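Using the sequences and the accompanying hints, generate a full structural model.
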Amino acid sequence: MKFVDEFRDTEKAKSLTKAIHQIALNLAPNLTKPLQIMEFCGGHTHTIFRYGIEQMLPDNIEMVHGPGCPVCVLPMGRVDDCVALAEQPDVIFTTFGDAMRVPGSKKSLLQAKADGADIRMTYSPMDALNIARNNPDKEVIFFGLGFETTMPSSAFTVLQAERENISNFSLFCNHITTVPTIKAVLDSPDMQLDGFLAPGHVAMVTGERPFDFIALDYHKPIVITGFEPLDILHSLWMVLQQIEQGRSVVENQYTRIVQPNGNTPALEAISQVFEIREFFEWRGLGSIDHSGVRMKASYAAYDAEKKFAVPNLKIADPKSCQCGEVVKGVIKPWDCKIFGTKCNPENPMGALMVSSEGACAAYYNNGYHEKETA
Amino acid sequence: MMSENDNSQYLQDLYPFLHNKSKDPEQDEIGLLESVKQKSIASIDTKRVFFADNAQALVNAARAIATVYKNTGRMYAMGNGGSSCDAAHFCVEFQHPVTAGRPALAAMNLLADAAMNSAVSNDVGFQHIFVRQLNAHAQQGDGLVGFSTSGCSDNLMAAYATAKEMDLVTLGFAGGDGGEMKSSGLVDHCLVVDSDSIHRIQETHVACYHIIWDLVHTLLADSRGPVSKENQTGSTL
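The listed protein sequences correspond, in order, to chains L and P. Per the working numbering, the first sequence starts with residue 1, numbered consecutively. Per the working numbering, the second sequence starts with residue 1, numbered consecutively.
Please keep in mind that the hints were generated in silico from the structure rather than gathered at the bench. Some hints could be false.
To be verified - Taking lysine to any residue pairs in the SDA-like style, the calculated list, with each CA pair at most 20 Å apart, reads:
(1) Lys-106/L / Val-310/L
(2) Lys-296/L / Ile-30/P
(3) Lys-306/L / Lys-47/P
(4) Lys-106/L / Asp-45/P
(5) Lys-39/P / Val-310/L
(6) Lys-164/P / Gly-141/P
(7) Lys-337/L / Ile-198/P
(8) Lys-21/P / Gln-272/L
(9) Lys-14/L / Val-310/L
(10) Lys-332/L / Ile-53/L
(11) Lys-138/L / Gly-116/L
(12) Lys-332/L / Pro-58/L
(13) Lys-33/L / Gln-272/L
(14) Lys-47/P / Ser-105/L
(15) Lys-306/L / Glu-34/P
(16) Lys-21/P / Phe-213/L
Stated by the list, open to error - Here are a few chain P residues that sit away from chain L, every Cβ distance over 10 Å (derived from the structure):
(17) Asn-7
(18) Cys-85
(19) Gly-125
(20) Gln-127
(21) Asp-214
What the hints assert, rightly or not - Facing chain P, according to a computed beta carbon distance under 10 Å, are these residues of chain L, among others:
(22) Ala-28
(23) Asn-30
(24) Asn-263
(25) Thr-264
(26) Glu-275
(27) Val-293
Predicted, not measured: the structure shown is a model, and the values here were computed from it. Ideal placement from N, C-alpha and C gives every residue a C-beta, glycine not left out.
What follows is the structure, encoded as structure tokens:
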């Protein structure tokens, strides 16, 4: 398949792996600890485990799996809010499928559906808008979830609803942003990271410039990365080259998708519909300034938080979860006290076990249950 | 100089901190006040539920501690991090009673000796720090109290195991589902705050040991020093 097969080529993977090993060998005499490279995005984590990339790397290079899985980092209280909205009379609650299993403090959306709430999975917010068109006697709420990648589709849907004057559609906005979160990780006192693979699909919307501060202010190499196995290996090689040469700049490996200035119509739609929240609570990481968006007052008619009574409860993460330490690279998933026992994909307790793109779920599903098996 | 289509304005809206734009003070204030409201309500609700469900357990725990002191024993307290502060606070309450007429009672914070703790941590392992001190100081009939919001701290559980071997009375303040403190059978009186929030759990623990301290002194009142005959017959005041 065009644009897929050529990025899964075995010989090229071997060649890149060899080059990575050579740089690691060159760097080894000067290292006091393994180099830690964070892939922020859950999509990257998924590829790394699906293709066994971590096992192809030299011992002195560790991948740290970041918090870039929006389903995983959704706080429990927000899931409770979704359930409360979905259980209101005459409401059709629509959501992406991967949000259905996220545990709330009492139940998930899947359990609420089993209890009788009208909850429907959609592939796009436009599908939800279509449901609203076809059900004028119902209130249709779309659960807006995801990073800068999915924000434009939510924004365009609200704008479309406004154009068509569809008044029974609203958005429950839980969109979050990656860049402040990378900064929060960098500001953490126990931060040990040496470089980043930046989320390619976020950069597709935002362009390269929002990542400049990572190189300029924190002096960490960062490479915008695609999602096929060769993309990951190529980007790792680029990061390691920067480290070897003592450079720290933003480089773009995903040039087939990411333009330097991003996607103007998408950014314009985001800017038109959304504004920054002063802070947003992340599961596993706590409250991070400027890391989420809400709908502007001018779109209150399409804002589920304004149209309905949302409990807006703050529910703390389970105490025993160590997701925060995992995403900062301080510990590996198998070091967590409840990994694979109390917390597993069937009954996730921590953020990173919720979605298949979460680091803990990736470790568990791929058989890395303890250090010796890796 | 930026080009016209570099999307600068949109990026400033999305990432104000990258462009030295400070928070909107008005919106920030609204958010902060809402946060105060929600968290204070959660704190009050957590305590209300805990004390409604655990009143008898508190009295039982207080009786156990009073018995330790009646038998001239002493209490040992332990915890990690914020819970170690609760252990220290617990000991101060008993050693330095703030209510007039109440005696000072022996209580030892097992994390207070930095030299001892760093020695055991370095030489043997952190999970042994409390065990070694119990071995050195504790006597049959003394009491051991531990604070752990998860109920699963390894060093506490090791100390409880030692305490049971030495025939000490054991008490625990935990959170969540009580963890191993609840399930192990090593803790005679385990008080569990049913919350996943470390802060709400610890706030409830403070209220809990303040009340227990009060109950212990009430229970010990009869066994305080003898009252002289003249006083028993009443004064002329």
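(Q) Hint compliance check: list the failing hint numbers for this structure, sorted ascending. (A) Hints 3, 9, 13, 17, 22 and 23 contradicted; others consistent.
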